[in-house]
Amino acid sequence: MKIFIDFDDVLFNTKRFKEDYFKIFKKKGVSKKIFKECYFDPLDNRDIKNYDPMSHIKRVCERIKIDVDALEKEIENFTADTGKYVFSDVAEFLDKFEKKELDIISFSITNFQKAKVYNSGLTKFFSKVKIVDSLKGEIILKIIKKENLLSEKDVYFVDDRVEQIENVKKICPQVTTILCSRREGRYRDRKNKYCDYKIAKLKEVGSIIKRKF
0 MKIFIDFDDV
10 LFNTKRFKED
20 YFKIFKKKGV
30 SKKIFKECYF
40 DPLDNRDIKN
50 YDPMSHIKRV
60 CERIKIDVDA
70 LEKEIENFTA
80 DTGKYVFSDV
90 AEFLDKFEKK
100 ELDIISFSIT
110 NFQKAKVYNS
120 GLTKFFSKVK
130 IVDSLKGEII
140 LKIIKKENLL
150 SEKDVYFVDD
160 RVEQIENVKK
170 ICPQVTTILC
180 SRREGRYRDR
190 KNKYCDYKIA
200 KLKEVGSIIK
210 RKF
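Once you know that position 119 of the sequence shown is 118 in numbering that gives the first Met the number 0, the rest is easy, because the numbers rise by one and skip nothing.
Treat the hints as calculated values from the structure; they're not laboratory data. Keep in mind that this is a model prediction, so the values were computed, not measured. Where a beta carbon is used, it is the ideal one built from N, C-alpha and C, also for glycine.
Listed next, with one range per pair, are the computed distances between beta-carbon atoms: (1) Lys17 <-> Ile170: 24 to 32 angstroms; (2) Ile63 <-> Asn118: 27 to 35 angstroms; (3) Lys200 <-> Asp40: 31 to 39 angstroms.
Calculated cross-link-like contacts (lysine to aspartate or glutamate; reagent style EDC-like; alpha-carbon spacing at most 20 angstroms): (4) Lys200 <-> Asp188; (5) Lys57 <-> Asp68; (6) Lys98 <-> Glu146; (7) Lys129 <-> Asp102; (8) Lys48 <-> Asp188; (9) Lys83 <-> Asp19; (10) Lys48 <-> Glu162; (11) Lys22 <-> Glu75; (12) Lys99 <-> Glu146; (13) Lys141 <-> Asp153; (14) Lys25 <-> Glu75; (15) Lys31 <-> Asp19; (16) Lys27 <-> Glu73; (17) Lys127 <-> Glu151; (18) Lys200 <-> Glu183; (19) Lys202 <-> Asp153; (20) Lys48 <-> Glu18; (21) Lys31 <-> Asp51; (22) Lys17 <-> Glu183; (23) Lys17 <-> Asp40; (24) Lys197 <-> Glu165; (25) Lys27 <-> Glu61; (26) Lys72 <-> Asp51.
Please work from the sequences and hints to get the whole structure.
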């Protein structure tokens, strides 16, 4: 068995994290409007975008004057321990599996994302943590081939974005895809033909893979 799991909005309460993250900017005089308008690169037209705090700060500085060094230090301190943003049901769910059965596949190759993931306290449950800058189908196929899982029926992918699920299903049709739509999540993507299942809580994965929770 292998379960590939997304990080943001599946294991990690990114909505609450982002709300607290904004408070750091607010203390430096950055309004909610400027924070949101400068958040992503305006030239990035992808449906799923990378977030880079240094680029974000640079765009904010084009609008207002702020103490960049102080802001960067506060961001560094903020991401030094992200464990409190892990959803309450996650540890119990992950503890049901062997480490070799679990891989994190997260989007956005930045030091910021790495800090979020590695400082969450969750990596101890996983055999691999892959942070990618593209859709996830290719990296999952690569792992499946490397671990000789091409004939394995019990391979699952849990993500909150239908774009990712569609990409994985097209490249790895053997994978059972599970759309995670938590009440606390930021997205309300609709289940489509590439989503085999839709869940609201991780414990629902247990019934899908026929394992007691």
